[in-house]
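Undergrad: Sequence:
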Amino acid sequence: PIRFTYGVIAARSASRGGGRPENLTSLSYPGHQHMGEWFLFLDMNRPESDRVGSPVTRVMDPEEAELFYVPFFSSLSQLVSMSQQGDGSEAAYSDEETQEALVEWLEGQKYWQRNGGRDHVFTAADPKSLLHVMDKVKNSVLLVVGFGRLRGDQGSLVKDVVVPYPHRLRTYEGDLGLQNRPTLLFFMGARFRKEEGRIRDVLFQVLENERDAIIKHGVQSTENRREASNGMHTSKFCLNPVGDTSTSCRLFDSIVSLCVPVIVSDTIEVPFEDTIDYRKIAIFVESAAAVKPGYLMSLLRAIPPERIVEYQREMLKVRRYFQYGVSNGAVDEIWRQVTKKLPLIKLMSNRDKRLVIKESDCSCVCANPTTNRTP
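Mapping the sequence shown onto full-length UniProt numbering, position 251 (from 1) lands on 251, and the numbers just tick up by one.
Careful, some of the hints might be misleading.
[As the list claims (entries may be wrong)] FRET-style restraints, in silico, Cβ to Cβ:
id : residue 1 : residue 2 : range
1  : SER94     : ALA65     : 27 to 35 Å
2  : LYS317    : GLY18     : 38 to 46 Å
3  : ASN230    : VAL326    : 20 to 28 Å
4  : ARG20     : GLU64     : 30 to 38 Å
5  : GLY53     : SER221    : 36 to 44 Å
These aren't lab readings, by the way, just hints derived from the structure by calculation.
Because the structure is a prediction, the values reported are computed rather than measured.
Quick reminder that beta carbons are idealized off the backbone N, C-alpha and C, glycines included.
All chains should be built: construct the whole structure from the sequences, respecting the hints.
TA: Dropping the structure here:
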């Protein structure tokens with residue numbers, strides 16, 4: 001139903017004072033780091049003649065389908081303001097109600113019931129996506145950027161796919177090399193974050209007065225994105241500390257900028273690790289070591305120029321995997337990863353159907369007068 005796609009975009013527009021067009025499909029998804037769900041939706045709606053080479057084929061007969069993509073903009077839904085829409089004549093948008101309505105609709109569908117939703121695919125990039133119904137969709141394939149807020153029985157590398165955030169900064173189109181990268185280490189972003197992200201403030205204290213390093217506090221804005229892009233394009237290394245979540249679009253901005261990511265996040269998950277060896281394109285530093293004064297800069301200064309260029313060369317080879325909207329890029333790789341889950345889906349679906357589920361029965365214990373009792 002359109003409620004779960006263009007309806008979410010319309011709610012977002014209305015929450016910001018925009019009108020509701022007669023034709024909802026004329027709306028476009030707003031630009032932010034969750035646009036991956038929009039690119040996947042667009043890909044599924046392209047004519048098959050335009051999808052030559054795609055790892056998946058869309059079929060119109062559900063009996064022929066091995067997988068079912070669920071078109072719900074779950075991340076955008078979570079971000080939509082709860083304020084009154086438009087002139088206040090409509091009720092406030094509720095992400096929780098939208099999630100519940102989606103699951104209610106799905107549970108009424110024959111093809112959800114057939115395998116308990118195991119062969120359905122949801123986008124859930126925002127950490128709070130599908131939060132209210134996660135236990136009802138946990139058997140499905142989830143497209144996530146990490147598992148930080150999911151229990152072990154809700155999300156795992158076994159059944160789910162880690163996907164990249166779309167990069168927000170422009171792609172670096174210059175030559176490999178260091179001649180136009182005078183800055184050793186660059187970071188621009190929020191200094192203060194919650195939970196694990198508190199390490200950012202410590203890193204600021206350790207690094208902000210280091211020579212060859214640019215460490216700046218900055219919030220999201222067009223001007224700051226322009227400055228961040230210039231900073232990444234003129235730096236050898238880009239700091240990627242944990243924030244509110246273990247990863248962000250900054251990692252993928254770094255890669256398309258050919259600025260070697262320095263990852264300070266002990267719990268990070270990264271996309272497509274069966275295809276990409278991240279040791280070739282990034283430097284991982286334990287949090288405990290990174291906050292030691294002088295440690296990080298000494299580590300980076302000791303890396304020879306030819307090694308940095310090799311990092312750049314490897315990033316250039318794989319950066320298409322982090323670019324949405326390009327041929328054989330992120331969208332195709334996500335679908336390729338999803339198809340790899342099919343053997344497990346079929347195994348678990350068949351297993352579910354032959355298992356006999358029994359409710360626990362303690363009547364024999366409760367009714368037995370000789371059962372030993374303890375006070």
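Undergrad: Of the numbered hints stated previously, which ones are contradicted by the structure, given in increasing order?
TA: none
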